[in-house]
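Given only the sequences and the hints, what does the whole structure look like? Please build it.
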Amino acid sequence: MKYLILIYSNPESRAIWDRLSADQRAGGLSAYAALNEDLTASGEMVVAEALADPSMAKRVSLHDGQPMTTDGPFAEVKELVAGFYVVDCESIERAVEIAARVPEADLGLVEVRPCMDLSGFEM
Amino acid sequence: MSTTTEVENLLRELAPQVLGALVRRYGKFDSCEDAVQEALLAAAVQWRSGGVPASPKGWLITVASRRLIEQLRSDSARVRREETAVVQAPPSTDPSPSEDDSLTLLMLCCHPSLTPTSQVALTLRAVGGLTTAEIARAFLVPETTVAQRISRAKQLITASGAEFRLPPQGERSERMAAVLEVLYLIFNEGYTASAGVALNRVELTSEAIRLARQLHARVPEDGEVAGLLALMLLTDARRPARATPDGELVPLAEQERRSWDSDAIAEGVALITETLATARIGSYQLQAAIAAVHDEAPRAEDTDWQQILTLYDLLASISPGPMVTLNRIVAVSMVHGAVAGLEELEAANADPALTGHYRVDAVKAHLLDLAGDHEAARSHYERAATRTLSLPERRYLNSRATRAAHTWSRP
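Residue numbers (this note's numbering), protein chains in the order written: chain B, 1 to 123; chain H, 1 to 411.
Everything labelled a hint here was simulated from the structure, so no lab data went into it.
If you're wondering where the values come from, they're calculated on a predicted model, not measured in any experiment.
Please note that a few of the clues may not be correct.
To spell it out: a stretch of chain H is covered by chain B in this simulated footprint if at least three of its residues, at any positions, have a beta carbon under 8 Å from a beta carbon of chain B; those stretches are [to be verified]: (1) 300-310; (2) 389-397.
Take a look, some chain B residues computed to stay more than 10 Å from chain H by CB distance [to be verified]: (3) 20; (4) 54; (5) 57; (6) 93.
C-beta atoms are modelled at their ideal positions from N, C-alpha and C, and glycine is treated no differently.
Rendered as structure tokens:
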């Protein structure tokens, strides 16, 4: 089963990051490196990406069939997706175990979403 | 020139035999498996253009042995005695022990130290002869992920101290059960994929049937192996009718039965009939028998639900489980009416394995629909649709919800 692990950031989490010492930051980054290494070794990693700042985002819409873009998400959005993992593992329990190793889980900013698949019972 | 399919079929047939020959000769399942995979890849390229050699198996064994030697030589940390052990003549191509090898390999790939996902990947490569890239495409994950799963699985097997021979008698039936589970997982993965967008996906269903056939030929006296093969044949026979061309699931009762595969049904029915008469009963046999009753009904309304219910009663007694409970309840309502089914469903819902399960809602919705309570049916279809993790099921359940709503607003 595939699971999407979403990592959010909000003003509070960004302020916490800003206050961290160099050592503490290095600790956070090495926690990520260790997690990535373990997921690759276990054959559970599908993809993991950190996302650029929301100010770099483009909102896309079609006008008369032509794509139009506007900058950024809406200003009032405080909690933003900062990165994600897609893992392929045995169960949601295992996905939660993986998600708990993301440093942002300390701040309650990590979410596990099951991906839909093509399985289906004969009804 | 040989066609791609011919070469692929031959390679898949030979893969476990070549691997068996190498492992018996050199030990080192892990390195041998890599070497065989390389030989298969080389053969796939060369045989397609240059034709199949006179002794394909001998060719593969020679090339794989050479790869193995190169691999061991390049590893400078190896001790010399390993090198000398390998530089001897390649193993003989005597075909006699190969069928034993396939069984031994299957049991090794389904070693209990591995997760089901790893068992599946390793079985498909080592026994099925699929490439890492094909397995990755079939399961929609990156090739590196599959490669890593396989290499880790082999490490775990090596670390467990398992050897290349059949497990001791006392462990054999348990291991056989794991093998059957893996084959059924492979089958189901392919079967469900065929209902959706399945472009570029290896035919996992046929692969599972091929492996089950191979296994059945090796242990014809094992009733559960025969039962699983029959179950696969009888289920796969309905594949042409189980989804619309755009991937919408068609329930059994509404399938166009003329498009079912009658050869597969005849084979499956004959196999399960003979097996039930001779072998010790088991859950795959019962599931196959149920599939046979469905497949033998010319129209949905001709289905012998009484017999299906009897079979589910048996299944529930020898191999109980939440899905057996639910399917049995469907049979109960077909025999004794939807109200009887709904009563049993109420009781079943107390089982922690079923409480809150979307399938309970799906069955409940279906029974309420049958009982004429379309309004309640709609809300249960909707609840089930929100909670399923399957796209085709979600579409199906949502369309049922809409249909129930129409029936209810225009009685």
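### Least C-beta distance between residue 57/B and chain H, which was stated to exceed 10 Å
holds, 26 Å
### Message
At least three residues with a C-beta closer than 8 Å to a C-beta of chain B: is that true for the segment 389-397 of chain H?
### Response
holds (count 7)
### Message
How does the segment 300-310 of chain H fare against chain B when you require at least three residues with a CB closer than 8 Å, holds or violated?
### Response
It is violated: at least three residues are needed, and the segment 300-310 of chain H offers just 0 whose Cβ sits closer than 8 Å to chain B.
### Query
Looking at residue 54/B again, its CB stays over 10 Å from all of chain H?
Nearest chain H Cβ is 27 Å from residue 54/B, so the label holds.
### Task
Say whether it holds or is violated: residue 93/B keeps its Cβ farther than 10 Å from all Cβ of chain H.
Nearest chain H Cβ is 13 Å from residue 93/B, so the label holds.
### Message
So residue 20/B supposedly isn't at the interface. Is its beta-carbon more than 10 Å from every beta-carbon in chain H?
### Response
holds, 32 Å
In summary, the one numbered hint that this structure violates is 1.
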